[in-house]
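Construct the entire structure; sequences and hints are all you get.
Below, each chain spelled out in residue letters.
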Amino acid sequence: MKDIKAKIYSNNKVGPAYYKMHLDASYIARIVKPGQFVEIRCSDSSEPLLRRPFSIHKVKRGIEILYEVVGKGTEVLSKKKDGEFVDVLGPLGNGFILPGTSNLEPRAIIIAGGIGAAPLVYLAEELKKNKIKTIVLIGAKTRSLILCEKDFKKAAPEVYVSTDDGTYGCKGFVSKLFHKILKTTESKFETIVYVCGPHGMLRCIADICLERNFECQVSLEEKMACGIGACLGCVVKTKSGSKLACKDGPVFNASELIW
Amino acid sequence: MGMLGVKIGKIRLKNPVMAASGAFGYAKEFEELVNLAEIGAIITKTITLNPKQGNPMPRICETQAGMLNAIGLQNEGVDDFIKEKMPYLSKIGAPIIVSISGNNIDEFFILARRIDKIKNIRGIELNISCPNLKSKRLVAQDAKATYEVVKAVRKVTNKALITKLSPNVTDIVEIAEAAENAGSDAVSLVNTFLGMAIDIDARKPKLGNITGGLSGPCIKPIALRMVYEVSKNINIPVIGAGGIMNSDDAIEFMLAGAMAIQVGTANFVEPGICGKIVKGIEAYLRKHKIEKIEDIVGGLNDKR
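Protein chains in written order, with this note's numbering: chain A, 1 to 259; chain B, 1 to 304.
Be careful, since some hints might not be right.
Stated by the list, open to error - Stretch by stretch, here's where chain A covers chain B in the computed footprint (C-beta under 8 angstroms, at least three residues): (1) 24-35; (2) 68-81; (3) 270-280.
To be verified - Lysine-lysine pairs mimicking DSBU-like chemistry, simulated, CA-CA at most 35 angstroms apart: (4) A:247 - B:279; (5) A:223 - B:52; (6) A:239 - B:52; (7) A:58 - A:79.
Worth flagging that the hints you see were computed from the coordinates, not collected in a lab. All residues carry an ideal CB built from backbone N, CA and C; glycine is no exception.
Right, here's the structure in full:
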């Protein structure tokens, strides 16, 4: 982990409130694992004061983050110009664990809800490198909010989409699509589910996985101050006591969490 | 002692910049990012006699030029601290001051007695001013209670004793005097201001604890005024804290009368800030041709 001054290669709008920022951060790029994150100082002034956490979206000649403008920090960040510098602290936290060796052939199912797609593209790319059969399910409220479909298609042969309003792909929540996929695919695999999205969706997917005895790794989002386990601001309740989203997570095994 | 050296009670510090309790964990969290030996002193996160779970989430919330926190002194208790945290803290090369809090005088007394036996701990900071606990009234909101806690602890330790004061009082000088009279070697001020924030759409408090402690640049002018008032009225060293983000802020506190300063919230924004503030203070002394830091303590020209 290091605190580096990173040059912004580019910072572009990619959806109604979505932005993609490409940063010159070779140190982080070299060692970061899927699911890990960085803390970015959005402004040198005291407004906003604290850094904001962003998961790593892609690793290519530096790192990329994909973010949604939801408040003051991301608003300021979205206005940064190419060539400017930002302080980037990372890589932080523990990321996703890739499938290990088992008797059965592993199969990964990636489930992305809204901006939850951000860390999962890098994961999909790493799964592809490791030749793990991967299915991707993307869920969003409506067509214009679908993220990363192209990126996922490059990394995985099977990509399915659902929208709450039915404007694109399957109509309904992504959990419904998940049920459907499970019915139509064979189960000769050792299935591992990787999920990131809104809290309600995570819980719903985790329940389905628990019923079917699938391993389920969820990436949680919490407000953070330090990002390194010092302030104890981002506790997560687990069966083995209080953990920190920033240091022990943000990825947790769903069966460990007390929702 | 070099040009930056100061003395707090029995401890000689190589510089006046301390990492504040609660904002620096147990130092290990920062080891990859900071040269810990460069810091004047490290005040560890407050420990209690028994493990403490802390408050419900959300525990932090950003506000205008500041943040609210209601962590609730989550810690694993003194036994775990001595066994798990002290071995590392002993070898980092910066003086270690341990912050303690108790539910009553007995707990402060027992904790201080345990801490006093540990050679590598240089001092004790009494956290009698955490605003995020269930008790109706803080020790630091009552001069008599402050006197009694400090007096009890003083009996069992010769280590440097610092009393951390709350700004949530009518007259902070009165509390500082009580700490001095009871034998405290120094006072540190201020702890956080009790505050709150509301999510207007959900009509809910933004903190699980409803209220929390406000820190960061927004509190600096009030903290500075309190340090100024206290240092004019007591004879033990004052350690200034409250929204210090850079060396200019630190120097302001020292001019107002602080012998040393504590950096809290700024560590979350910039992990290497303590070292940077040390360098900034040194540059200021050189620029103004001041030979030693003590010459600026209380050096404010407030004559009209």
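Report task. Could you work out which earlier hints the structure fails to respect and list their numbers in ascending sequence? Result -> Hint check: nothing fails, all pass.
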